[in-house]
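Go ahead and model the full structure; you've got the sequences and the hints to work with.
Given next are the chains, with one letter for each unit.
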Amino acid sequence: MDKPSVTPQHRQKEGRLASAIHHLRLYFLLLRAQARSQAVYRVSFALDAVGSAFITLSEFAAFVLVLPRFGSLSGWTLGEVALLYGLAELAFVLMDLMFGGFDAPNLSQHVRSGSFNTFLLRPAPLRLQIFGSDFALRRVTRIFLAAGILAYGITASGAVWTPEAALLLTGSVLGMVAFFGGLFVIGGTLTFWTVDSVEAMNVLTYGGRTLISYPMDIYGQFLRKTFTYLIPAAFLSYFPVLHVLGRPLPDGLPLLAASLSPLVGPVMLAAAFAFWRVGVRHYGGTGT
Amino acid sequence: MQAALPSTRGPNVALYASVARLGFRRQFAYPQAALWGLITNLFFGVLRIAVLVALFASTPRVAGYTVQDAITYTGLTQALIMALSLFGWTDFMRTIHRGEVASDLLRPHNLLAFWAAQDAGRAAGQFALRGLPMLALFALLWGATFPAGPDGWLLSTLSLLLAWACGFAFRFLVNCAAFWSPDAVGFGRFAWAVLGLGSGFLMPLAFFPPWFQAVLAWTPFPSMMNTTVELWLGVRTGPEAWTAMAVQLGWAMLLFGLAAFVLSRGLRRLEIAGG
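So the protein lines, in turn, are chains A and B. Using the UniProt record's numbering, the first residue of the first sequence is number 1, and each one after it goes up by one. Using the UniProt record's numbering, the first residue of the second sequence is number 1, and each one after it goes up by one.
There's no promise every hint is true.
[Claimed, not checked] If you anchor each label on the Cβ, the simulated ranges turn out as follows:
id, chain 1, residue 1, chain 2, residue 2, range
1, B, Q213, A, G114, 51 to 61 Å
2, B, N110, A, R277, 49 to 59 Å
3, A, Y41, B, T219, 27 to 37 Å
4, A, V140, B, A29, 33 to 43 Å
5, A, N117, B, A217, 53 to 63 Å
6, B, R98, A, R247, 31 to 41 Å
Read the hints as simulated data drawn from the structure, not as lab findings. We put the CB at the ideal spot given by N, CA and C, even for glycine.
Below, the structure is given as structure tokens:
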């Protein structure tokens, strides 16, 4: 499934490029087909789009509404928290749009109903089909909402804006997309063996997103260290934001740690796809 | 599922009791899923506590809540997520979309009472399976507190039952939207988000600005959980507590009446459409 069509050695590079373009077109074709089908019922789509944004909105609004009573969250202002919250939400929604097909509930349904077998039969790369299998267009409203919260955070946090800061935060979003995408892939792969553990993955995916939406110094030593050194979530957005706000990193970590997000994420994603290959081989091996 | 009981003129208590019992027992079918659910809820509880404790860092008491109250509040709301279906409920909606509601109508029972009985059993099962262990864990790990004295227990228990009644009637009403529109799922998503904010699941309502609390006071949402939390914590006591429960009772009756009315209109519409 990964190999391009057989070409002579000297033309292999060209062939790879052509097949990449072909696959990209195939991917967008899949997305467009789904977007079209979802837009057929206009009212339904509008309700769904507004409704899914409202879940995030109400959660953040609850925090915004109570913060004045307390003054600050462990020394963090609303603008500063908005920066963290907006980054996490933006990355998670973008990831959800791209990796939704790998999310355990979706993939396990394909496995149980047998439609996963049809994926295997089709003459298109398996992963590309999964990538293009659950494009929930209604989530676009959440992208705008997240961008709005992030924009507020950028203006209200009082951070000094430099190209370096912009680069750091862009890298943070990309790293998070890859990191959480990797978690979705791992969760989806687990469904080849069992569907019972699916909810456990939610702790890491949705729980992880919630965890990094707030400054991590509020969590206490054990939790913060676990999600820094064991599960490197702190590198994704907390450290970049600390640096952008001119705050020191915890544990005397060097400044370099603030720019590791674009590395941490892809490493997780690569590991997840390695696990995925094992899972697919196992799935084929059972003969179902 | 249920035994074929003969139709009687009056409300058939035995039938609804057995429906509730089955709804209760069904919750215990997947113990492993329940265990994972408990772990997930506990983890989110830890994150929510961290935010609240950090907020309380510079103030010992806000709107009658101490930090210990805030922890108990978190434990209680995490324990009630499943029992009160705070993330939403679409079971009835599904039977309308699939047309199964038509065959349910053939059975000798009142549709609203049937679903209420089933949901009461489901809620009790979830409370026993996930709510009680969650409360015990919170009490053990963070010293969450329990109602003060027999009075506190009585008020909290009654208020919890009323919160379920309000919440169920509201959820049922939202599900009735399926009679009119295939878009009921999107409508529901919106309703559950309002429920989360208005019922005090996301934050205790007492922490909100006065204007927002005044708006919510005109809605049934605080009756669906926040009131129970306040009675449990003893934030409201004496006559104030009984007034709060009277409000809950009023909303429960109003919402059940509304649900019965909307259901009958919906069913009439269903007949016109030919099922």
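Open item on the list: Let me make sure I understand: some of the numbered hints might not hold for this structure. Which ones are they, in numerical order?
Closed with: 6
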